[in-house]
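When you get a sec, could you build the whole thing from the sequences and use the hints?
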Amino acid sequence: MKLLRVHALSTFIAMLIALYAIFIFAPTERTMGFIGEVQRIFYFHVSSNWTTFLATFCVFLCSILFLLKESREWDIRAAAAAELGVVFGTLGLISGTLWARPVWGIWWTWDARLTSFFLLWLILLAYQMLRRVVDSPAQRGRLSAVFGILAAVDTPIVYMANRWWRTQHPAPVIAGGPGSGLDPRMALTLCITLGAFTLLYVYLWRIRCELERTADVIETLQRQLQTQGMEVR
Amino acid sequence: MTYLFAAYTAVWVVLFAYVFSLSRRQQKFQDEVMKLQKLLESQKRS
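Protein sequences appear in the order of chains X and Z.
Numbered by the numbering used here, the letters in the first sequence go through residues 1 to 233 in order.
Numbered by the numbering used here, the letters in the second sequence go through residues 1 to 46 in order.
Worth flagging that the hints you see were computed from the coordinates, not collected in a lab.
We put the CB at the ideal spot given by N, CA and C, even for glycine.
Some clues are possibly wrong.
Sample of chain X residues facing chain Z (criterion: CB under 10 Å; computed from the structure) [to be verified]:
| id | residue |
| --- | --- |
| 1 | VAL87 |
| 2 | ILE94 |
| 3 | SER95 |
Shown next as C-alpha cells:
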C-alpha cells in the first residue's frame with residue numbers, strides 16, 4: 001500500500017513536470033504560423049497513443065501467458081490492460097480530432113492511420129463487451145485471450161500505416177527517416193510526457209487489477225454463503 | 001488556443017472521470033466484501 005502511494009505521488013509529480021515542459025519549456029511550433037500553439041496537443045496525443053499501444057502489448061502478453069498457464073492472474077492483468085487501452089485510446093482520439101480541426105480543417109478522415117487506430121479502439125471496446133456477456137470464467141478468459149491476441153495484430157499496422165501508405169496524418173517525426181526529427185527541447189518534453197503517461201498507466205493498471213481481485217473475493221464469499229444455504233444477491 | 005484548451009480539458013475530464021469510476025467501484029466492492037464477511041461470520045456463529 002505504501003509502495004502504491006509512492007507510485008501515485010511520483011506519477012503526480014511527473015505529470016506536473018510534463019505540464020511545465022509542455023506549456024513553458026517546449027518552444028512554439030513555427031511552421032504552423034499563428035496556430036503554432038495548438039501543436040502542444042502533440043505531447044498528450046502521442047503519449048495517449050503510446051499508452052494505448054503499451055496496453056495492447058500487455059493484453060497480448062498476458063493473454064498468451066493465460067492460454068499457456070491458465071492462471072486467473074494473467075486474465076486479470078489482460079482485462080485491466082484492455083480497459084486502460086480503451087481509456088487511453090479515447091484520449092488519443094479526442095486529442096487527435098481537436099488537433100486535426102485547426103490544422104487540417106476537418107475533424108476526421110478515414111485514412112489508413114486514423115482508421116487502423118479507430119479499429120484498434122473498437123477491438124479493445126469489443127473485448128470489454130465480450131467479457132460482460134460470457135458468464136463462465138474459464139470460457140471468458142479463453143475467448144478474451146484470443147480476442148486480445150487479435151487486437152495486438154492491428155498495432156503494427158497502426159504504427160506502420162503512415163510509413164506504408166500516403167495518409168492525411170503527418171509522416172512520423174521520430175524514426176521517420178531522412179527529414180524527420182524534433183527540436184531537442186520538444187524531444188525532451190515528449191520523453192518527459194511519455195514517462196509520465198507510462199507511470200500513470202502502470203499505476204492505474206495496478207489499481208484496476210486490484211479491483212478485479214476484489215471482485216474475485218466477492219465471488220468466493222458468495223459461493224461460500226450459497227453452499228451454506230444462504231441466498232445471496 | 002481554443003482547441004489547445006479544449007484538448008487538454010477533455011483529456012483531464014476523461015482521466016478524472018475514469019479515476020473517479022475506479023475509486024467508486026473499489027469502494028462498492030470493499031463494502032460488499034465487508035457485508036459478505038459479516039454474513040458469513042453470523043452464519044458460522046448460528
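Which numbered hints are broken by the structure, listed smallest first? Per hint list: zero violations.
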